[in-house]
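S.K.: Here's the letter readout for the chains.
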Amino acid sequence: MTTMTIAKAINEGLRAALTNNPKSLLMGEDIGPLGGVYRVTDGLIAEFGPDRVVDTPLAESGIIGTAIGLALRGYSPVCEIQFDGFVFPGFNQITTQLAKMHARSNGNLTVPVVIRIPYGGGIGSVEHHSESPEALFAHTAGLRIITPSNPHDAYWMIQQAVECQDPIIVFEPKRRYWLKGDVDVEAPGRAEDPFRAHVLRDGTDATVVAYGPLVPVALAAANAAAEDGHSVEVIDLRSISPIDFDTVTQSVQKTGRLIVAHEAPTFGGIGGEIAARISERAFLSLEAPVIRVGGFHMPYPVAKVEEDYLPDIDRILEALDRALAY
Amino acid sequence: MGATHLPATEFDGTGVDDQLEAEAEAVLGEPAAPMVQLLGPDGTLGEDSVFSEYANRLDAEKLRGFYADMAAIRRFDQEATALQRQGQLALWVPLTGQEAAQIGSGRASQPQDYIFPTYREHGVALTRNVDLAELLRQFRGVSNGGWNPKDTNFHLYTLVLAAQTLHAVGYAMGIQRDQQLAASSDPAGTEPPAAVIAYYGDGASSEGDVHESMVFASSYKAPVVFFCQNNHWAISVPSTVQTRIPLSNRAKGYGFPGIRVDGNDVIAVHAVTEWALDHARQGNGPVLIEAFTYRVGAHTTADDPTKYRQSAEEDAWRAKDPLARLEKYLRSAGLADDDYFAKVKADGDELAAYVRRTTHDLETPDIRSAFANTYVEPHPLVAEELAWFEQYSAGFDDGAGSDAAAGEAAN
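As you go down the protein sequences, you meet chains A and B in turn. According to our numbering, the first sequence is numbered sequentially starting from 1. According to our numbering, the second sequence is numbered sequentially starting from 1.
One thing to keep in mind: the hints can contain errors.
Pairs of lysine-lysine residues, derived as DSS-like cross-links and limited to a Cα-Cα distance of at most 25 Å, are as follows [unchecked claim]:
(1) 62/B / 23/A
(2) 345/B / 328/B
(3) 307/B / 328/B
(4) 62/B / 345/B
(5) 304/A / 254/A
(6) 100/A / 252/B
(7) 252/B / 62/B
(8) 345/B / 307/B
(9) 23/A / 221/B
No wet-lab data here; the hints were simulated from the structure. None of these values were measured; they are calculated from a predicted model.
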């Protein structure tokens, strides 16, 4: 067991992937000598050389598009998109090409491309640096989307992403890059299914589902609720596509109440999808409507007011109060 | 060798072309790019200080083969158009007029090379031994691909314009890495070097992906040949809206050679593509070829060119027909006679009959194959939806067959 930050865990996970798979390579802007703007790839170019840790031209469509070509030639590229808001120049390549290649080739071609995207707010940054666009990708069949919330998952999930034969986006909670935690670098980490949700805290009165940067917030809210005598179960979703509805359903059948929290705007978001599915699967167990806690229907606001935008402990507790009031 | 050293060869342009050249020269402040031409519209073979060497390697059999290929793909094009008119295909994308650009370049490729077409490269598909009946699957609506690219190194058609140019560069970057891996395990280098061709057109040249692909290719000296068929029309928009100078000139800005070739001259197209592929395979980086040609027919069978261009322009380009000029040359050089051309015509009719027969028999897929091919690895949502579909379908019959049930559901 080793203690490290999420950023370091991803770094170590990438190092392991590059070591284990000679056909894997990293591509992105400033990922070479600089080690990426968040230093997630720090030191890797020195170890693996510029052909496997590739500083690319500043062009996101180019990064994704050439990664597709490399994958067609038998390689496993891991692309870094510098910030969430900068993925959109590559959106066409991701949605019209990468996601569909296996299907449109009748299963003849596979494109095992990994796309790493630091996402979410709370870092006081300028516009386009704090967004949560995961729903836009979750809506696209052919893609898988995972998001680790702690160093142990980060270490293993990035390696599992590289091994995955489907295209997969890893949304990395950038404001938690420096969150420290224990990482078990030996098995059974590898054996854990990256597409399964984890119940992090058992409870009986309500379930809070969160993922990525809001997992620690959900846990803190559950602790606060416990002081008021409410037993709250917390689930770390871990995978956004596919979503582990079985784990969420089982929890709601026990607690009868569900709150889904994410930084992304609630409208058209992952929370809405979970609410709809759970209303179908656990309708008779529900004591209250599923309540979503998320961003507002507006462009991500300026840094000085982002605290009013981002879901926090109190926003989750307020939703919990509403659910418990039914 | 750089673009500036390319020989100037005279191109028998129409008045329209002359006007374009004059305008380009005004923009550039110097003459526009020279046009490589070896076989003129009158069927006489010219000389070129660089590319005649490649043309001279062509024996009679190869030259006759070019003609047979061009005639076959034109006949196929006519048949596919007819099949669309008869409701057997949902859409067809005709290539007539562009046979030399496609056959010449496709025949310059080697089996180890990999080709990324757009969606009009039926002639290139022929040179890569793609079963032309399979090629019609996409247009009959029974597949989004239709052939396995691994069998022929001819990728699926790409309908989002220019997206494939980046795939081509990435693939070429993979070839570079393969060569490095091979160098360590196989110093003798028994694998023949490979290169990639990315096809696109004058319309797609405006897409950002073409720019990004050229930046990546140049930076990494990727072994890729950008083959731009300038057929003068992006559906209804003339090439003058995409560019004010020859598209081949753009290569200079990226730092690699650009060649403008008479795209209706199969011998010249073959020569410049062989040169470009050699250049790329030898590790010298990318090349841009602009094949100056013309889409004689409609953009697709849903298009109506009378809305946006004059028939006089089409007539002027028909006078530069790629098949007619090669036929003139083959006859005058004594390389082919009436019997040969009759045989080619009969072969074309046989191909057409085969395609017609096979198209009728193309199997309609089961939607279950779409469930199966969305992901490589098991996916719970797909499994859940498939299970629902099976249950739903079963409700329409007594278990007599779910195909019938699905059909009934669709009705």
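S.K.: Please go over all the hints and tell whether each is borne out by the structure.
M.R.: Now for the hints, and whether the structure bears them out:
no.	hint	verdict
1	62/B / 23/A	violated (39 Å)
2	345/B / 328/B	holds (16 Å)
3	307/B / 328/B	violated (34 Å)
4	62/B / 345/B	holds (18 Å)
5	304/A / 254/A	violated (40 Å)
6	100/A / 252/B	violated (34 Å)
7	252/B / 62/B	violated (33 Å)
8	345/B / 307/B	violated (33 Å)
9	23/A / 221/B	holds (20 Å)
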